[in-house]
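The task is simple: from the sequences and hints, build the whole structure.
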Amino acid sequence: MDTVRYETVDAFRDHAAALRGSDLARRRRVLVCCGTGCLAGGARGVAEAFAEHLPDNKQTELGLVVKRTGCHGFCEKGPLVVLMPRGTFYRGVKPKHVPEIVERSVVGDEVIEELLYVDPGTGKPVAGYGDIEFYAKQTRVAMRNIGLIDPANIDDYMLRGGYDALARALSTMSPEQVLQTIEAAKLRGRGGGGFDAGRKWRSCKRAGGDVRYVIANGDEGDPGAFMDRSIMEGDPHAVLEGLIIGGYALESSQGYIYVRQEYPLAVEHLQRAIEDARGRGLLGENILGSGYSFEIEISRGGGAFVCGESSALMRSVEGKVGEPRAKYIHATDKGLWDRPTVLNNVETWATVPCIVEKGPEWFTGLGTERSKGTKAFSLVGKVKNTGLVEVEMGTTLRQIIFGPGGGMLDTGERGKFKAVQTGGPSGGCVPESLLDLPVDFDTLTEVGSMMGSGGMIVMDHSTCMVDVARYFLSFLVDESCGKCVPCREGLFQMYQIVSRICEGKGTPADLDKIDDLSQAIILGSLCALGKSGPNPVLSTLQYFRHEYEAHINEKRCPAGVCKALITYSVVNDRCDGCGACLSACAVGAIMGTPKKGDTFKIDALACDRCGACVAVCKRGAIAVA
Amino acid sequence: MNPLRLVVQPQHCIGCRACELACAFTHGAEGQPGASRCRTLTVGKDEYVPVLCLQCDHAACVQSCPTGAISQDPVTKIVHVDQEVCVRCMACTVACPFGNMHFDPNGQFVHKCDLCAGHGDYPRCAMFCPTRCLSVERMEPVS
Amino acid sequence: MEQTGPSTFYMTINGRRVQASAGEYVLDVTRRNGIHVPTLCHHPAVEPFGSCRLCMVEVTKEAWKGWKGLMTACLYPAADGLVIETDSESVHRVRRNVLDLLLARCPDSGVIQKLAAEYGVTRTTFTPRENPDLCILCGLCTRVCETAATAAITTAMRGHERVVGTPWGGPPPDCIGCLACAHVCPTGHITFEEHGLTRSIWGREFELERCADCGKPLPITRDQAAFLCRRQEMDPSYFSRCADCQRKMVAERMGRMARWQTLGLAQEPAERGKEVAR
Numbered sequence: 150m151d152t153v154r155y156e157t158v159d160a161f162r163d164h165a166a167a168l169r170g171s172d173l174a175r176r177r178r179v180l181v182c183c184g185t186g187c188l189a190g191g192a193r194g195v196a197e198a199f200a201e202h203l204p205d206n207k208q209t210e211l212g213l214v215v216k217r218t219g220c221h222g223f224c225e226k227g228p229l230v231v232l233m234p235r236g237t238f239y240r241g242v243k244p245k246h247v248p249e250i251v252e253r254s255v256v257g258d259e260v261i262e263e264l265l266y267v268d269p270g271t272g273k274p275v276a277g278y279g280d281i282e283f284y285a286k287q288t289r290v291a292m293r294n295i296g297l298i299d300p301a302n303i304d305d306y307m308l309r310g311g312y313d314a315l316a317r318a319l320s321t322m323s324p325e326q327v328l329q330t331i332e333a334a335k336l337r338g339r340g341g342g343g344f345d346a347g348r349k350w351r352s353c354k355r356a357g358g359d360v361r362y363v364i365a366n367g368d369e370g371d372p373g374a375f376m377d378r379s380i381m382e383g384d385p386h387a388v389l390e391g392l393i394i395g396g397y398a399l400e401s402s403q404g405y406i407y408v409r410q411e412y413p414l415a416v417e418h419l420q421r422a423i424e425d426a427r428g429r430g431l432l433g434e435n436i437l438g439s440g441y442s443f444e445i446e447i448s449r450g451g452g453a454f455v456c457g458e459s460s461a462l463m464r465s466v467e468g469k470v471g472e473p474r475a476k477y478i479h480a481t482d483k484g485l486w487d488r489p490t491v492l493n494n495v496e497t498w499a500t501v502p503c504i505v506e507k508g509p510e511w512f513t514g515l516g517t518e519r520s521k522g523t524k525a526f527s528l529v530g531k532v533k534n535t536g537l538v539e540v541e542m543g544t545t546l547r548q549i550i551f552g553p554g555g556g557m558l559d560t561g562e563r564g565k566f567k568a569v570q571t572g573g574p575s576g577g578c579v580p581e582s583l584l585d586l587p588v589d590f591d592t593l594t595e596v597g598s599m600m601g602s603g604g605m606i607v608m609d610h611s612t613c614m615v616d617v618a619r620y621f622l623s624f625l626v627d628e629s630c631g632k633c634v635p636c637r638e639g640l641f642q643m644y645q646i647v648s649r650i651c652e653g654k655g656t657p658a659d660l661d662k663i664d665d666l667s668q669a670i671i672l673g674s675l676c677a678l679g680k681s682g683p684n685p686v687l688s689t690l691q692y693f694r695h696e697y698e699a700h701i702n703e704k705r706c707p708a709g710v711c712k713a714l715i716t717y718s719v720v721n722d723r724c725d726g727c728g729a730c731l732s733a734c735a736v737g738a739i740m741g742t743p744k745k746g747d748t749f750k751i752d753a754l755a756c757d758r759c760g761a762c763v764a765v766c767k768r769g770a771i772a773v774a
Numbered sequence: 082m083n084p085l086r087l088v089v090q091p092q093h094c095i096g097c098r099a100c101e102l103a104c105a106f107t108h109g110a111e112g113q114p115g116a117s118r119c120r121t122l123t124v125g126k127d128e129y130v131p132v133l134c135l136q137c138d139h140a141a142c143v144q145s146c147p148t149g150a151i152s153q154d155p156v157t158k159i160v161h162v163d164q165e166v167c168v169r170c171m172a173c174t175v176a177c178p179f180g181n182m183h184f185d186p187n188g189q190f191v192h193k194c195d196l197c198a199g200h201g202d203y204p205r206c207a208m209f210c211p212t213r214c215l216s217v218e219r220m221e222p223v224s
Numbered sequence: 003m004e005q006t007g008p009s010t011f012y013m014t015i016n017g018r019r020v021q022a023s024a025g026e027y028v029l030d031v032t033r034r035n036g037i038h039v040p041t042l043c044h045h046p047a048v049e050p051f052g053s054c055r056l057c058m059v060e061v062t063k064e065a066w067k068g069w070k071g072l073m074t075a076c077l078y079p080a081a082d083g084l085v086i087e088t089d090s091e092s093v094h095r096v097r098r099n100v101l102d103l104l105l106a107r108c109p110d111s112g113v114i115q116k117l118a119a120e121y122g123v124t125r126t127t128f129t130p131r132e133n134p135d136l137c138i139l140c141g142l143c144t145r146v147c148e149t150a151a152t153a154a155i156t157t158a159m160r161g162h163e164r165v166v167g168t169p170w171g172g173p174p175p176d177c178i179g180c181l182a183c184a185h186v187c188p189t190g191h192i193t194f195e196e197h198g199l200t201r202s203i204w205g206r207e208f209e210l211e212r213c214a215d216c217g218k219p220l221p222i223t224r225d226q227a228a229f230l231c232r233r234q235e236m237d238p239s240y241f242s243r244c245a246d247c248q249r250k251m252v253a254e255r256m257g258r259m260a261r262w263q264t265l266g267l268a269q270e271p272a273e274r275g276k277e278v279a280r
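Chains as they are written, first to last, in this note's numbering: chain G, 150 to 774; chain B, 82 to 224; chain D, 3 to 280.
There's no promise every hint is true.
To be verified - Okay, derived cross-link-like pairs now, DSBU-like style, lysine-lysine, Cα gap no bigger than 30 Å in a straight line:
1. G:K767 x G:K565
2. G:K286 x G:K533
3. G:K533 x G:K767
4. D:K63 x G:K680
5. D:K67 x G:K354
6. D:K70 x G:K680
7. D:K70 x G:K335
8. G:K354 x D:K63
9. D:K218 x G:K680
10. D:K63 x G:K483
11. G:K704 x G:K744
12. D:K67 x G:K335
13. G:K767 x G:K744
14. D:K250 x B:K126
15. G:K243 x G:K483
16. G:K483 x D:K70
17. G:K476 x D:K218
18. G:K354 x G:K335
19. G:K243 x G:K273
20. D:K70 x G:K662
21. D:K116 x G:K662
22. G:K483 x G:K680
23. G:K354 x G:K565
24. B:K158 x D:K250
25. G:K680 x D:K250
26. D:K218 x B:K126
27. D:K63 x G:K335
28. D:K70 x G:K354
29. G:K483 x D:K250
Since the hints were derived computationally from the structure, they do not count as laboratory data.
Encoded structure:
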């Protein structure tokens, strides 16, 4: 039971200093990653094994603490265990490894080679956290604490400097000064729009009335994006601190964190953080004795991508159906319950305390001319190291994908880089010719894509770009709220057209139709879901038109993906008649006499192109054309 | 110009129904008496009463309307139906205690006496009444 | 909300200078000035919705330095110095596609066919819906039910699955049978029937109110009468007689008073007799 409560800023500062100077701060740390990715890999078992082998008294005896942390970002390699301060980084840890880790690396001073991460470039194991390229090439600002703290422990957050920014703001800055700090930092929203946060806050401040709201958008609906999730799960106090500071600047007394339905762990951790912060006097009535009061409530989504759109989100918080409304009247004038409201992404809020603590010049010193600071990206797809990467704006795509990303996953011609999809279903594909593009809000938009919330899906030559466009369209058709005609009907019809192209039924006129319809959807849609809906199609058409043309004119899928356009056949001179494919085939499309390789055949009409035969054939005797 | 008031003195009514015809023609229904907003009823031997909207200050039709389509003009005091807002729910046709709100089944809209506002702004029924049963007065201006 | 600027001002629409007031939408201004802008989901009885996108107009302002935006006139606030084009190429591209898409959704709708033809679309260039009905999902029915009745119907599901629906797909329990939805529906998708004393709509049957004097059916249902008493705060006696009977009653009363007038009497003779007797 936490009995500490700070009645004044000084009380907070004294306690923080005491914490940071204490023995607790100096102890070695055994960090067990319990982010959702590692949990799925069995991290709970690992954490329990550590609890068993290193009970509290043993921890004190050895002068260390064992912490369950949030997501380190290197999700491909989980479950992860990191030993600080040495930085020993173990990957793929199982409960059975724990006794050895405790004996050799915790009590002892050794490094267990088998558990180390192997650098794909050098082929050599890397012992230290700081030497792993995935982390070495990152500049973690929004994700500064994740993986290093126990998100359920407010002291851990304070040990890393947490709530110093709030104390500074409340004691030495007026609300106007805080606002000016954010304006000077040129912080652009990290949710997808990239709108200048300072400008948004200023418009809200200017709107009349005495009730204002601040909202953190934790809906994160883009497929493949999980930056906000790891921040909410792994460093919830960063979001709270940002919101409280923002509320102070805007003279608001009520904040909301909207968390999507699919993130129960984030809700749990945020709830705990809110209770702890409230208990300490960092949230609620008269924060740190400053006279400023602020409350935060969590609002849960109902499972709709469209609720990530700010006006739909606000309707959802109000208890209504999540449908966007016209943005002619800005939310900063009439937003939540028709009051002036500032809505920003979770990552944006998590960045605010750093800016207030270190000053706007520190922030503007990072990044590019028009996009300051850093950005967290979720790097997924055909890369060796999938996970979360935070880098300075202006880092090139090549640096991200081949640096922390570790390069392409597969070898050979098909494994070569083809494109990277950025910005989720609202974004577009960037081809190889643009790999040296420095990533920032504007550069990506200029080439027909967008940064979006930071999703990056790397594709190789086994990906069909027409199929990619079809996939994103199907997602949007599913998630469209259905209020306006261009999005509801238009995206659906566009999906019909692209699907037909994938099925080999496309005509050259379809490409003109896509152009005309896209323009109408972009111009006519009510909200950004519709307006950006055609982007995946348009950008793949821009850079991979030849693929569309192959599908239409030659009825051929160059990547060998579109089922209707590919045929599976047996390469008889490679076949040894083992019959593995015959057994694997679920529809009985393969015939042949056992041990007689030249008799094996695939019935093209019965074959449903599932690929099971290719997977089991050890002789590479099945060809896909 | 002071607002108009239509004065009805039924003791002078001779039941000629010129008022109904005048009303129907004025409002473009080509003389179908059923489309008139004024209905002259026979109440006894040689006793007739023209019944038309009293432009009530606290009108039942105004209060009954769920969309707020009916309102009284503050200057002219005429109670008016906004045809664009009206959703034809028929509440007003029932609510009027004097039966002065009518529904036109051909045009599918409700109508009532509007003192010929927009059709010459002077009640035609009064112009054509031969006995001055229907006559027009100017009211005191609204303060 | 603070409103800066003058309360009446001028805008330019299709090169014409027109006056407008703060609080109006561009569509109100075009209508008042006889400038035609097509709409499907707009109705003055309910708040504008912005779902059909037909009323799209091209807007610019001097401060925008040449940038033009497409906005729905029904929801875009009239403001000082707006320059609006109601029939530019972009506007027509949107309208044409919207109507083409609606024609694919409701190929049998005469209203849509007519509107689409005005923009050069006689047959849809998209994949027509299978087993189509006439609902264009304008939302007018649900919005008018919410505003003027009991919110008995609403939209359900999302995106292409969106439908105007009722709780659990069954007959809506809150419906009062006022027919407002049927009357605002632009395509005639919502139908109803009336026979004798019964009105049926949305799978429900309603009993019409009867005149307490003559027994003829009134044009409102019993549920509707009860609703109006509650909602409009009126006594049930207002909804219990037909217009003919009301008129007869008033005519008889007025007739009697006229008789007294003729006889030079201040009141009914019988009453006067009683006075004298006392």
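Quick rundown of the hints versus the structure:
1. A distance of roughly 23 Å separates the Cα atoms of K767 of chain G and K565 of chain G; the hinted pair therefore holds under the 30 Å criterion.
2. Using a Cα cut-off of 30 Å, the hinted pair K286 of chain G and K533 of chain G holds, with the two alpha carbons roughly 15 Å apart.
3. About 24 Å separates the Cα atoms of K533 of chain G and K767 of chain G, which keeps this hinted pair within 30 Å; it holds.
4. About 22 Å separates the Cα atoms of K63 of chain D and K680 of chain G, which keeps this hinted pair within 30 Å; it holds.
5. For a cut-off of 30 Å, the pair hint linking K67 of chain D to K354 of chain G stands: about 26 Å separates their Cα positions.
6. A C-alpha spacing of about 16 Å is found between K70 of chain D and K680 of chain G, which places the hinted pair at or below 30 Å, so the restraint holds.
7. For the hint pairing K70 of chain D with K335 of chain G, the CA-to-CA distance comes to about 26 Å; that is within 30 Å, so the pair holds.
8. Restraint check: the Cα-Cα separation between K354 of chain G and K63 of chain D comes to about 25 Å, which is no more than 30 Å; the hinted pair holds.
9. This hinted pair does not check out: K218 of chain D and K680 of chain G have alpha carbons roughly 55 Å apart, beyond 30 Å.
10. Proposed proximity of K63 of chain D and K483 of chain G is supported: the alpha carbons are some 22 Å apart, at most 30 Å.
11. About 35 Å separates the Cα atoms of K704 of chain G and K744 of chain G, which puts this hinted pair outside 30 Å; it is violated.
12. For the given pair, K67 of chain D sits about 24 Å from K335 of chain G by alpha-carbon distance, which is consistent with the 30 Å threshold.
13. Only pairs whose Cα atoms come within 30 Å are accepted, and K767 of chain G paired with K744 of chain G is accepted, the gap being roughly 14 Å.
14. This hinted pair checks out: K250 of chain D and K126 of chain B have alpha carbons roughly 15 Å apart, not beyond 30 Å.
15. This hinted pair does not check out: K243 of chain G and K483 of chain G have alpha carbons roughly 52 Å apart, beyond 30 Å.
16. For the proposed pair K483 of chain G and K70 of chain D, the alpha carbon gap of about 24 Å is at most 30 Å, so the pair holds.
17. Our distance criterion of 30 Å between C-alpha atoms is broken by K476 of chain G and K218 of chain D, whose separation comes to about 51 Å.
18. For the proposed pair K354 of chain G and K335 of chain G, the alpha carbon gap of about 17 Å is at most 30 Å, so the pair holds.
19. Distance check on the hinted pair: K243 of chain G and K273 of chain G sit about 22 Å apart at the alpha-carbon level, within 30 Å; holds.
20. At most 30 Å may separate the alpha-carbon atoms for a hinted pair to count; K70 of chain D and K662 of chain G meet this at roughly 24 Å.
21. For the hint linking K116 of chain D to K662 of chain G, the alpha-carbon distance of about 23 Å falls within 30 Å, and the restraint holds.
22. Taken as a hint, the K483 of chain G and K680 of chain G pair is honoured in the structure, with Cα atoms around 22 Å apart against an allowance of 30 Å.
23. This hinted pair does not check out: K354 of chain G and K565 of chain G have alpha carbons roughly 51 Å apart, beyond 30 Å.
24. In summary, the hint linking K158 of chain B to K250 of chain D is supported, as the alpha carbons are separated by about 25 Å, within the 30 Å threshold.
25. The hinted pair formed by K680 of chain G and K250 of chain D fails the criterion: a straight-line CA distance of about 61 Å is larger than 30 Å.
26. Between K218 of chain D and K126 of chain B the alpha-carbon distance is near 27 Å, which keeps this suggested pair within the 30 Å criterion.
27. Taking the CA atoms of K63 of chain D and K335 of chain G, the gap is about 27 Å. The hint holds against a cut of 30 Å.
28. A hinted pair counts as satisfied when its Cα atoms are at most 30 Å apart, and K70 of chain D with K354 of chain G qualifies at roughly 28 Å.
29. Only pairs whose Cα atoms come within 30 Å are accepted, and K483 of chain G paired with K250 of chain D is rejected, the gap being roughly 53 Å.
When the structure is compared with the earlier hints, violations turn up for hints 9, 11, 15, 17, 23, 25, 29 and for no others.
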